[in-house]
Amino acid sequence: MRSMTAKLVRHAQGRNLALVVVSPYLALIAIMAVLPEAIAPYDPLAIDASNILAPPTSTHLLGTDEIGRDILSRIIYGARVSLGVALAAVAVACLLGVPLGVATSYLGGRLENAIMRAVDVFVSLPEIFVAIVVLAFLGGDLPTLVFTIGLLYFPQFAKVAHGMTASIRSREHVLAAVSLGAGPVWIIWREILPNMRSVIIVQASFTLSFAMLLEAGLSFLGLGVTPPQPSWGQMVGTLKDYLFTNPWPVVFPSLALFLTILAVNILGDWLQDRLNPELGG
Amino acid sequence: MTQEALLEVRGLATHFFTGQGIVRAVDGIDLTVCRGETLALVGESGSGKSVASLSLLRLVEEPGRIVAGAVRFAGDDLLRLSEREMEAVRGAKIAMIFQEPMTALDPVQRVGDQIAEGLRVHEGLARRAARARAVELMARVGIPDPVRRARAYPHEMSGGMRQRVMIAAALSCDPDLIIADEPTTALDVTVQAQILSLLDDLKRESGAGVLLITHDLGVVAEVADRVSVIYGGQIVEDGPVEQIFRRPAHPYTQGLIACVPDVELPRQRGRALQSIAGSVPSPFDRPDGCRFRDRCPSAFARCTEEPVLVPIANGHSARCWLNVR
Amino acid sequence: MSVDDLLVVRGVVRHFPLRRDLLGRTRTAVRAVDGVSFSVPAGTALGLVGESGCGKTTLGRCITRLEEPDRGTILFDGTDILGLAKKPMRRLRREMQTIFQDPYSSLNPRRRVGDAIADAFGIHRLLTPAERRETVAELLATVGLQREHAERYPHEFSGGQRQRIAIARALALKPRLIVADEAVSALDVSIQAQIVNLLMRLQAEYRLTYVFISHDLGIVRLISDHLAVMYLGRIVELGDAERIFTRPLHPYTRALLAAVPRPDPARRGQRLTLGGEPPSPIDPPPGCPFHTRCPNAQPRCRAEAPVLEALEPDRQVACFFPGGR
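Chains as they are written, first to last, in the working numbering: chain A, -15 to 265; chain B, 164 to 488; chain C, 18 to 342.
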């Protein structure tokens, strides 16, 4: 009866109001990232010398920057970098972390312990500091940026995957597969990975927002995306110098970053409720 | 039996308003518990027995709502009390014992303090006095070395001991009614026997009424005075325990009793156990008319009409057309 | 032991280490299975009973090598399975299957029922896809389900139906031995009987050998030819099931049988209840493990551990004073 009651409650939760707002917003950001040419009013690198640090006007809806580039167009093009770098970094983190976590759980014994302790060390590294050091030495091209951020976040995936594997392995359907004579590869592929998918997706959505913040922070410090290519963090970084003379330009990229991270987090929360394996989703 | 009714439930209905439609989890049930009496509410999963017990204490959570009925207890209709007044009833006048004491007890609080908490809230006892009384209660429910055990945390105790702690907490304010929801299901048989006889002794000593919610007919036969059988949110049979076991009138009750293998019956190879066909219907699609008709071995044409509870003998009634000839 | 024995278990020990010292030696351990020997003739059913924590589930898993015993020998049809390398062991697994307790956890929620059953063939690269579909349909029919059910996911089924699916999967490779670990305990009473009947029918039809692990003595009596009663990791009584049920010799077996609540209100209160609870398997008492609860414990029982001894044909008891003398 308890479990049935839980099911009934879930039926009633129905639509999530926040999601109704969030999903069109994220769709818009996604379009901006994929097809900036289609919606940006200007070339993000084009300089309008007559409008420098202009407030929002009808020609430049969100104003212009310190050398007269259209802020709206730069935000639209910047979405590609901000979202793209973060997504690629999450993919790297996931592809490194999940196999490591699953495999480690199968190793067992001291090796398992040693690897997981090493992962713990990784987790406790101050990420922005490590990223600054790495990027300062290797230079900030996009692949380096992606891999650095990915490496910083893979331990989270490894830990989640390791814990999930241990718990799924004790479930009876895995024991049933063992009794049928299945080997570890079969079990990982058919029994374990499909059952941790939802947890990994939730983890990925939260990591995505961290990765966006880290990319923005690094670009803000001038270590991320190299100018003139725009990214939100880098725009904030350059425009912050004019905050007191002309606050407009810095507000919009900051807002874009803030709203997107908020939206990703709301999506993550929703996914977490939705995919909660306890509720059978 | 001319005992004083302690709890009278009339036409209680609790529905769940879900995205997929209304689920009539509890669909108009009547229950009576007298002082010093144990009423067993017997049903399988999905029958509505747990929702019914939660409804009595108004503990049903959204999207569930009590939509009709009255719960008369000690002169009040509990459904009409304010939330404030209801809090004074819960835990003090009506106590609840759950199936899994591990989830009902606070894992980070010493068990003695948990028992004392009710005394401090409801009886206004000081900390020292409440603790002393908690130790007394633990001794009363048969916990050895109660002074030391009062300082233990729930995880340091066995399932049987935790259930005793729950019972001690339930007894702390001398309740008039104890609702026990599957109190022995999680326990081993030898421990189950101890807890059942403890509950019985306590009921006799205190004169409280007990509403025992269970699926286990062996337990029912052991401790109940009267039995209400619930199926599909309705009471299908109701009567004194001897009547229910000796002359069950509803085919569901008959089937349920026949399903339980008798440990004292010698084995005959190849003889099948009696069973009830089909599965317990989901509350989303129960048959119309009699809710048991698609599993009933003696269903006939009239069963498409909804039967009512009809009296068969003194205090014994059943919801089945077979008894209306 | 005879040539007909399909399964022979000798001196199996399984301890779960809790803490180790600096050199990796075990300091404390849960002595889940502590030296167990028995054999099961082909085509018969052995009932394995005992309370939670007695080690019956661990023993069941050792038999099929889902759990690696620390010591002991397990012969399956004459083959020492503990000595087998991974590959031959995986081949041998076809012969022995387990039906688990929890039908909600024993099926992969992400796999269609048909695919889950067909995995048995996939793992051993048997049959063509068309043949697999056909065989799955036959298996579903054998357990009382329909061909269309293969396309559905586990959450679309009730507990009883899921257990049928788990049974179909266990039968897929035509095993000779089935370990049923509390296979009906999680089910509703009315469904329990159906599954028990199904298991009995299948045993007769396929001449299966069962190790039936359960705490429900009524059901065990219905199914078992032989009975093993476990207490704290050891077998305390072993032999012909009917004889043990009619005349239990070990005091624990007697208490266990007496504690079963009987569905007969007329016999209420006639049970003798066993005091106390099973001691912890981490720190079992010296001597006879049961002496702390035994009504007729003598000084000798505290000092010395009795071993299983044949008292009469087909009956072994580990007690210095069997039959209560």
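Rather than coming from a laboratory, the hints here were simulated on the basis of the structure. This structure is a prediction, so every number in the text was calculated from the model and none was measured. Take these hints with a grain of salt, some might be off.
A few chain A residues facing chain C, derived, Cβ under 10 angstroms [stated by the list, open to error]:
# : residue
1 : Y26
2 : L29
3 : S34
4 : R64
5 : R101
6 : A120
7 : E156
8 : A161
9 : L164
All C-beta atoms in this analysis are idealised placements derived from N, C-alpha and C, irrespective of residue type, glycine included.
Now for the hints, and whether the structure bears them out:
no.	hint	verdict
1	Y26	violated (48 angstroms)
2	L29	violated (48 angstroms)
3	S34	violated (61 angstroms)
4	R64	violated (34 angstroms)
5	R101	violated (17 angstroms)
6	A120	violated (43 angstroms)
7	E156	holds (4 angstroms)
8	A161	holds (7 angstroms)
9	L164	holds (5 angstroms)
Going down the numbered hints, you'll see the structure goes against 1, 2, 3, 4, 5, 6, while the others check out.
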